[in-house]
Amino acid sequence: MAASTLAEAAGAAFDNLQIRWRTNGMKNALTQFFNNGNPLFPDSEPSNQPLGNWFIYLGSLATTMAATNVPILELTQAAEIVYRLCWLAQASLTNGLISPTQATALLAYYNVFIGF
Amino acid sequence: MTYPQPNSDEYAIKGSQFFRLYTPLSSPGDIYQSTQSGHGFAIGPDSDIANVNIGYYDEQVSTRLQSTVISVSRAFVGRIDARLDQKYNPSNRPGKILFSSNDLYDPNFRPRSAIPADRVLFVAPVLDVIEYFKPIESLTPGRQDKEFVFQNYDIAAGTLFIVVPYYGRKYCFTQFTNREVTPNTFGISTVNYCISPDGGSNPYHQETTIRAPAAVAGGATVTTLIKAGTQGMFDALVFSISGEGAAPLRILMSDTPQGS
Numbered sequence: 050m051a052a053s054t055l056a057e058a059a060g061a062a063f064d065n066l067q068i069r070w071r072t073n074g075m076k077n078a079l080t081q082f083f084n085n086g087n088p089l090f091p092d093s094e095p096s097n098q099p100l101g102n103w104f105i106y107l108g109s110l111a112t113t114m115a116a117t118n119v120p121i122l123e124l125t126q127a128a129e130i131v132y133r134l135c136w137l138a139q140a141s142l143t144n145g146l147i148s149p150t151q152a153t154a155l156l157a158y159y160n161v162f163i164g165f
Numbered sequence: 603m604t605y606p607q608p609n610s611d612e613y614a615i616k617g618s619q620f621f622r623l624y625t626p627l628s629s630p631g632d633i634y635q636s637t638q639s640g641h642g643f644a645i646g647p648d649s650d651i652a653n654v655n656i657g658y659y660d661e662q663v664s665t666r667l668q669s670t671v672i673s674v675s676r677a678f679v680g681r682i683d684a685r686l687d688q689k690y691n692p693s694n695r696p697g698k699i700l701f702s703s704n705d706l707y708d709p710n711f712r713p714r715s716a717i718p719a720d721r722v723l724f725v726a727p728v729l730d731v732i733e734y735f736k737p738i739e740s741l742t743p744g745r746q747d748k749e750f751v752f753q754n755y756d757i758a759a760g761t762l763f764i765v766v767p768y769y770g771r772k773y774c775f776t777q778f779t780n781r782e783v784t785p786n787t788f789g790i791s792t793v794n795y796c797i798s799p800d801g802g803s804n805p806y807h808q809e810t811t812i813r814a815p816a817a818v819a820g821g822a823t824v825t826t827l828i829k830a831g832t833q834g835m836f837d838a839l840v841f842s843i844s845g846e847g848a849a850p851l852r853i854l855m856s857d858t859p860q861g862s
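Here the protein sequences line up with chains Y and F, keeping their order. For the record, in the first sequence the residue sitting at position 91 is 140 according to this note's numbering, with numbers rising by one throughout. For the record, in the second sequence the residue sitting at position 222 is 824 according to this note's numbering, with numbers rising by one throughout.
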C-alpha cells in the first residue's frame, strides 16, 4: 500500500526494502530513488542541504551495493538511511524548509521505487 | 532540527578552539554539517545520544564518503578535513563533514498498552558533539550523569506516558512519591526503537516491563533501580502515571555501572 505521508514512508522503509532485498531489487530501487530524489534538493538552497546530506549517504550506498546477494547488514543500512531521510523530509516540510511540491515529489518517488 | 544550524565557520573565524553542536533532535533524520576541518571529535557532556556518525571526504574511497562512529566510550583523535573544493560521488555535493545520530528515535512511538485516551510526552533527545580545531594528544570521552525531575502533570483522562532518553546508560535510580490522598498508578517500562509502521496493532518497537503499573497509595514512595548488568540497555525509559499530582518523580541516570 502506498504511503500517504513521508512519516508513514519512513516507518515502512524496512518492510519495503526487505521485499526488494529478497528479490535482488534493492540496488535498483535505491539507485532510482537517488537518481530522481537527489536533484530535488540542490545544495545552492541552504534549507535543502540537510536533506541533500542524506542523499550523499544514499548515493554512496547504492553505488557500492552489489546487484545480487546483498549482505543483510546492508539491508539495515539502507533501511536506516531511507528512514532518516523520509523523517527529515517530513520535519522539513512541517517547518517550511522544503516546499509541498518537493515533498510530494519525494513521496511519489518513494512509492514508485521503494514502496508498493 | 535546529535551523539554521550553528555555523562552524563563525567559531573558527573568531578563534574558538572548538565547535560545539548542541541541539535537541526534532526528528530521527536530523543531520548537521561542519565546513571546518577538525583535529578531534567527541560526544559532549550533555548528550542523550550515545553514538554519533561522522561522514567525511576520503579520496581513497570510490564514492569519496568515509564514515566513523564516535560514542560515549570512544572519541576520535586525528585530523578530518572538510573538503569543500571536492565533491562526494554520485551526489555531487561538497565534501563537508556530516554529523548524525547513530541511535534510532521515533517521535510517533506509543506503548503497546496505550489506549486512545492516553497521552505520550517525549523528552526530546539532545545531540551534543564537539569538534576541536586545535591538535590534541588525547581525548577522554564521557557524559555527565543526568537528572530529570517531574512533579505535577496534566492528565485529563487515561494514562500519561513520559518517554525519557536513556541511550547507552548503564544505571538509573528512580524515585516516585505520591503526595495525593488518592492512589496514583505508576509503572516503568523501557523501549528499544525499531523502524516501525506507527499506529496499528503491532508496532515493532521492543518494550520491556521494569515495574508493572500498580497503585501507589497516598504518601507512599516507590524506588526502582535499573542496571545494565541485570535488566539490560535501552534507548528510552517510559514512565506511566495516572494522577496529576503532586507526585514527584526523580530520575538519575549514569554511564557508570553501579554494582551488578
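I should point out that these hints are in silico values taken from the structure, not numbers from a laboratory. Some hints could be false.
One-sided and incomplete, this derived list gives chain F residues near chain Y with beta-carbon spacing under 7 Å [unchecked claim]: (1) 625; (2) 628; (3) 667; (4) 689; (5) 693; (6) 742; (7) 779; (8) 783; (9) 799; (10) 800.
The calculated label-pair distances, taken between Cβ atoms and stated as ranges, are [as the list claims (entries may be wrong)]: (11) 150(Y) x 617(F): 41 to 47 Å; (12) 608(F) x 91(Y): 40 to 46 Å; (13) 161(Y) x 639(F): 35 to 41 Å; (14) 833(F) x 116(Y): 39 to 45 Å; (15) 161(Y) x 681(F): 39 to 45 Å; (16) 115(Y) x 609(F): 35 to 41 Å; (17) 54(Y) x 618(F): 36 to 42 Å; (18) 116(Y) x 775(F): 49 to 55 Å; (19) 834(F) x 84(Y): 29 to 35 Å; (20) 125(Y) x 686(F): 51 to 57 Å.
Over the 10 Å line for every Cβ pair with chain Y, so calculated as not near, a few chain F residues [as the list claims (entries may be wrong)]: (21) 606; (22) 695; (23) 696; (24) 706; (25) 712; (26) 717; (27) 761; (28) 773; (29) 782; (30) 798.
All residues carry an ideal CB built from backbone N, CA and C; glycine is no exception.
Structure-based check of all given hints:
| no. | hint | in the structure |
| --- | --- | --- |
| 1 | 625 | 12 Å, violated |
| 2 | 628 | 5 Å, holds |
| 3 | 667 | 4 Å, holds |
| 4 | 689 | 10 Å, violated |
| 5 | 693 | 4 Å, holds |
| 6 | 742 | 29 Å, violated |
| 7 | 779 | 37 Å, violated |
| 8 | 783 | 42 Å, violated |
| 9 | 799 | 4 Å, holds |
| 10 | 800 | 5 Å, holds |
| 11 | 150(Y) x 617(F): 41 to 47 Å | 43 Å, holds |
| 12 | 608(F) x 91(Y): 40 to 46 Å | 23 Å, violated |
| 13 | 161(Y) x 639(F): 35 to 41 Å | 40 Å, holds |
| 14 | 833(F) x 116(Y): 39 to 45 Å | 43 Å, holds |
| 15 | 161(Y) x 681(F): 39 to 45 Å | 42 Å, holds |
| 16 | 115(Y) x 609(F): 35 to 41 Å | 39 Å, holds |
| 17 | 54(Y) x 618(F): 36 to 42 Å | 40 Å, holds |
| 18 | 116(Y) x 775(F): 49 to 55 Å | 52 Å, holds |
| 19 | 834(F) x 84(Y): 29 to 35 Å | 42 Å, violated |
| 20 | 125(Y) x 686(F): 51 to 57 Å | 31 Å, violated |
| 21 | 606 | 7 Å, violated |
| 22 | 695 | 5 Å, violated |
| 23 | 696 | 7 Å, violated |
| 24 | 706 | 7 Å, violated |
| 25 | 712 | 12 Å, holds |
| 26 | 717 | 21 Å, holds |
| 27 | 761 | 23 Å, holds |
| 28 | 773 | 28 Å, holds |
| 29 | 782 | 37 Å, holds |
| 30 | 798 | 6 Å, violated |
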